[in-house]
Amino acid sequence: ETGVTQSPTHLIKTRGQQVTLRCSSQSGHNTVSWYQQALGQGPQFIFQYYREEENGRGNFPPRFSGLQFPNYSSELNVNALELDDSALYLCASSYKTGGVTEAFFGQGTRLTVV
Amino acid sequence: RKEVEQDPGPFNVPEGATVAFNCTYSNSASQSFFWYRQDCRKEPKLLMSVYSSGNEDGRFTAQLNRASQYISLLIRDSKLSDSATYLCVVNVERRLAFGKGNQVVVIP
Numbered sequence: 002e003t004g005v006t007q008s009p010t011h012l013i014k015t016r017g018q019q020v021t022l023r024c025s026s027q028s029g030h031n032t033v034s035w036y037q038q039a040l041g042q043g044p045q046f047i048f049q050y051y052r053e054e055e056n057g058r059g060n061f062p063p064r065f066s067g068l069q070f071p072n073y074s075s076e077l078n079v080n081a082l083e084l085d086d087s088a089l090y091l092c093a094s095s096y097k098t099g100g101v102t103e104a105f106f107g108q109g110t111r112l113t114v115v
Numbered sequence: 002r003k004e005v006e007q008d009p010g011p012f013n014v015p016e017g018a019t020v021a022f023n024c025t026y027s028n029s030a031s032q033s034f035f036w037y038r039q040d041c042r043k044e045p046k047l048l049m050s051v052y053s054s055g056n057e058d059g060r061f062t063a064q065l066n067r068a069s070q071y072i073s074l075l076i077r078d079s080k081l082s083d084s085a086t087y088l089c090v091v092n093v094e095r096r097l098a099f100g101k102g103n104q105v106v107v108i109p
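As you go down the protein sequences, you meet chains A and B in turn. For reference, each letter of the first sequence is one residue, going 2 to 115 in the numbering used here. For reference, each letter of the second sequence is one residue, going 2 to 109 in the numbering used here.
Bound conformation, chain B alone:
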């Protein structure tokens, strides 16, 4: 079983719509969780950390469910500039384990 599983998509989203996706992780000892954004042929950039209480940053909301070992990301009022791959990232011991990413394409 992979450490972090994501459905790669693509997720084709009309501009202004809401899109949500999640990932599951296998290591129950994982301590920290993140969403990174990666544009085509660029490096990943931290979008937000994910906390058990849930957290929000503008149009982005992240949730962590430790019991079920899944993490979610919701994007409201999608913009064309949100088109990217969103990587679910879990800290496992000393390293980061990445999912394959959810590819989001926002359509005008």
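Only chain A is shown next, with the shape it has when bound in the complex:
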């Protein structure tokens, strides 16, 4: 197991609603990234947080926002849900150093928007 946990595992929401997804990072990891994976596609980078600050963002609209807490856990918030937001949302934690380290994924939250 990676030590990265996400909640909830499954969620059904109605178009226009708001959702909050949660992630607990692996112990000792200070960086968390969120990815969206639509069916049949590879994961797409949403954003990354390092020491509670956003540290990079992918091509997602502002209604996708996030937080990282002092204990390095994290939240992904999505406002005004659209049908196309239905996907597997993955959280990945890593330890940022001068180089690049491996990322470890949680089991994901499967969001269905109806």
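Source of the hints: derived by calculation from the structure; they are not laboratory data. The model shown is predicted, which means the values in this text are computed figures rather than measured ones. Note that beta-carbon positions come from the ideal geometry of N, C-alpha and C, so glycine has one too. Among these hints, one or two may not hold up.
[Unchecked claim] If you want the footprint, here are the derived chain A segments under chain B, 3+ residues with CB under 8 Å:
| no. | segment |
| --- | --- |
| 1 | 37-45 |
| 2 | 56-67 |
| 3 | 104-113 |
[As the list claims (entries may be wrong)] Some chain A residues close to chain B (C-beta under 10 Å, calculated; not the full set):
| no. | residue |
| --- | --- |
| 4 | 5 |
| 5 | 7 |
| 6 | 8 |
| 7 | 49 |
| 8 | 51 |
| 9 | 91 |
| 10 | 93 |
[Unchecked claim] For each label pair, taking beta carbons as the anchor points, the in silico distance ranges come out as:
| no. | chain 1 | residue 1 | chain 2 | residue 2 | range |
| --- | --- | --- | --- | --- | --- |
| 11 | A | 39 | B | 59 | 30 to 38 Å |
| 12 | B | 19 | A | 72 | 39 to 47 Å |
| 13 | A | 103 | B | 6 | 21 to 29 Å |
Once you've looked at the hints, dock chain B against the given chain A.
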């Protein structure tokens, strides 16, 4: 052009056979390269990092060609348990860029 391109397949492989596939990446500044394995409806899991000198882990061999900007994965003596999607992953600045994945189905 996509950052990481893979032929999704599926690759139908007889048990015991060898299968190879590769991916290409567009950003020549990419620093790190990985293969991740993803089982159906599960999270990606790191299979192996890829180094310029090539590296091997049991039945799996990965190669990186920086000049041509492609990465390959070879699986020898395929097992039924190797059936999965193999994601080519490239580190671009602060994030990971994923290909669509190569779907491998090992057939008895």
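Comparing the hints with the structure gives:
no. : hint                      : verdict
1   : 37-45                     : holds (count 5)
2   : 56-67                     : holds (count 3)
3   : 104-113                   : holds (count 7)
4   : 5                         : holds (8 Å)
5   : 7                         : holds (9 Å)
6   : 8                         : violated (14 Å)
7   : 49                        : holds (6 Å)
8   : 51                        : holds (8 Å)
9   : 91                        : holds (6 Å)
10  : 93                        : holds (7 Å)
11  : 39(A) / 59(B): 30 to 38 Å : holds (32 Å)
12  : 19(B) / 72(A): 39 to 47 Å : holds (46 Å)
13  : 103(A) / 6(B): 21 to 29 Å : holds (22 Å)
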